[in-house]
Amino acid sequence: MGATMRAIDIHGGVGEKEDLFINKESSKPIPQSGQALIKISAFGINRMDISQRRGGYPVPFGASNTLGVEFSGSIEAFGDDNRRGFQEGDEVFGLAYGGAYAEYIAVSTRMLMRKPNALSLSHCAAIPEAWMTATQALHQVLEFQPGKTILWHAGASGVSIAGIQLSRAAGASTIFTTAGTQEKCSLTTSERIGATVAINYKTEDFVEVIQRHTNGKGVDYIVDFVGGPYFQRNLEAAGRDCRIVMLGRMGGMKAPDADLMPVLGKRIRFEGSTLRSRDESYQSKLRERLETYLPKFETGDFTVVLHKTLSWHEIQEGHRQIEKSENSGKIVCLVD
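Sequence positions in the sequence shown follow full-length UniProt numbering and run 1 to 336.
Careful: at least some of the hints might be erroneous.
Stated by the list, open to error - The calculated lysine-lysine pairs, modelled on DSSO-like cross-linking and capped at a C-alpha distance of 30 Å, are:
1) K202 <-> K217
2) K285 <-> K28
3) K324 <-> K24
4) K24 <-> K39
5) K308 <-> K39
6) K202 <-> K148
7) K148 <-> K266
8) K217 <-> K148
9) K308 <-> K28
10) K254 <-> K266
11) K254 <-> K324
12) K17 <-> K28
13) K202 <-> K17
14) K39 <-> K217
15) K17 <-> K39
16) K39 <-> K28
17) K308 <-> K324
18) K285 <-> K148
19) K17 <-> K266
20) K296 <-> K17
21) K308 <-> K24
22) K296 <-> K148
23) K296 <-> K254
Said to hold, decoys possible - Simulated DEER-style distance windows between Cβ atoms:
24) T292 <-> F86: 13 to 23 Å
25) G252 <-> G300: 54 to 64 Å
26) D90 <-> D205: 28 to 38 Å
Rather than coming from a laboratory, the hints here were simulated on the basis of the structure. In this text the structure is predicted, and so the values were computed from the model without any measurement. Even for Gly, the Cβ is constructed at its ideal location relative to N, Cα and C.
Given only the sequences and the hints, what does the whole structure look like? Please build it.
The following block contains the structure:
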């Protein structure tokens, strides 16, 4: 038997949060060509982890079945001399196709970034998935143009907190966001995040608010995580030539009573996208772009919002908070 490590596992392979446990006999990965072995210090929890735990999110071919796609830590070894300038002991963070809920992960050096001095390992673990997903949505899919308006649903999520800041930096004229509590709305419109108008979807009609603020024009771009229940409402909030990207299905996949006329009448473009299904070449280009943001994290122009930092022994509590949408920003677990 090869070397072992501790990793978060699931009793029965799939299950509920109560089925998560630390398996002390997990196989320690061996770095292959072009990979580094990372001793993990912290990892981020994402909503896709909940879906995968329940058996509803297919793992990419060849990826680890262990949960987790973002991490921070230090390099322990390399698979070969293809090190991309890194050395043993370097503190890094990055994105993986799976396996981050563990003591060690083997990952391509193309997906690693050096930890900035001004950021903690906890903050670094909260960056890759959210900021790369937001970058992909804003720039790759929507092809955002300065001076335009944009709506980010799930405004207090890690992705939207990143997306709001990126939209501001890209020259958005008005940034709308939705959230389910006044506290979350206030966070999104705070000076450090920068949304223009926050809409509490439990007490306000986001379509009516947007139409009022845009004088009936509607928004130019929409980023949606809800799915079916918001499909029709997004069409109503959209302006002419609006581009909509769907990144999640928190509310379900069915929109049985949808009226598609606005798609034609407004020339709306609707597209779905996921980051995890993209190949390494695509993801590495996002990593390159994310690296250009790092100086802004150090100056405070960009900020990482940590809702909570937990021990990985509290992984069940972390999943519970994500399931209940209690978080404003990211939840990170520390590996002891």
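Quick rundown of the hints versus the structure:
Of the supplied pair hints, the one linking K202 and K217 holds, its CA atoms being roughly 23 Å apart against a limit of 30 Å. The straight-line distance between the Cα atoms of K285 and K28 is roughly 28 Å, inside the 30 Å bound, and the hint therefore holds. Restraint check: the Cα-Cα separation between K324 and K24 comes to about 29 Å, which is no more than 30 Å; the hinted pair holds. A hinted pair counts as satisfied when its Cα atoms are at most 30 Å apart, and K24 with K39 qualifies at roughly 15 Å.
With a C-alpha separation of about 22 Å, the suggested pairing of K308 with K39 holds against the 30 Å cut-off. Taking the CA atoms of K202 and K148, the gap is near 26 Å; set against the 30 Å cutoff, the hint holds. Simply put, K148 and K266 have alpha-carbon atoms about 16 Å apart, close enough for the 30 Å limit, and the pair holds. For the hint linking K217 to K148, the alpha-carbon distance of about 12 Å falls within 30 Å, and the restraint holds.
A distance of roughly 28 Å separates the Cα atoms of K308 and K28; the hinted pair therefore holds under the 30 Å criterion. Between K254 and K266, the direct Cα distance comes to roughly 22 Å. Compliance with the 30 Å bound is thereby established for this hinted pair. For the proposed pair K254 and K324, the alpha carbon gap of about 21 Å is at most 30 Å, so the pair holds. Our distance criterion of 30 Å between C-alpha atoms is met by K17 and K28, whose separation comes to about 24 Å.
Proximity of K202 to K17 is assessed by CA-CA distance (about 27 Å); at most 30 Å being required, the pair is judged to hold. Only pairs whose Cα atoms come within 30 Å are accepted, and K39 paired with K217 is rejected, the gap being roughly 51 Å. Proximity of K17 to K39 is assessed by CA-CA distance (about 25 Å); at most 30 Å being required, the pair is judged to hold. Pair hint K39 plus K28 holds up; C-alpha atoms about 11 Å apart against a cutoff of 30 Å.
For a cut-off of 30 Å, the pair hint linking K308 to K324 stands: about 14 Å separates their Cα positions. Of the supplied pair hints, the one linking K285 and K148 holds, its CA atoms being roughly 25 Å apart against a limit of 30 Å. Between K17 and K266 the alpha-carbon distance is near 43 Å, which puts this suggested pair outside the 30 Å criterion. With a C-alpha separation of about 36 Å, the suggested pair K296 and K17 falls outside the 30 Å cut-off, and the hint is violated.
With a C-alpha separation of about 25 Å, the suggested pair K308 and K24 falls inside the 30 Å cut-off, and the hint holds. For a cut-off of 30 Å, the pair hint linking K296 to K148 stands: about 23 Å separates their Cα positions. For a cut-off of 30 Å, the pair hint linking K296 to K254 is broken: about 40 Å separates their Cα positions. At about 19 Å, the beta-carbon gap between T292 and F86 stays in the expected band of 13 to 23 Å.
G252 and G300 have their C-beta atoms about 39 Å apart, which leaves the hinted 54 to 64 Å range violated. Here the CB-CB span from D90 to D205 is close to 50 Å, at odds with the stated 28 to 38 Å.
Of the numbered hints stated above, those contradicted by the structure are hints 14, 19, 20, 23, 25 and 26, listed in ascending order.
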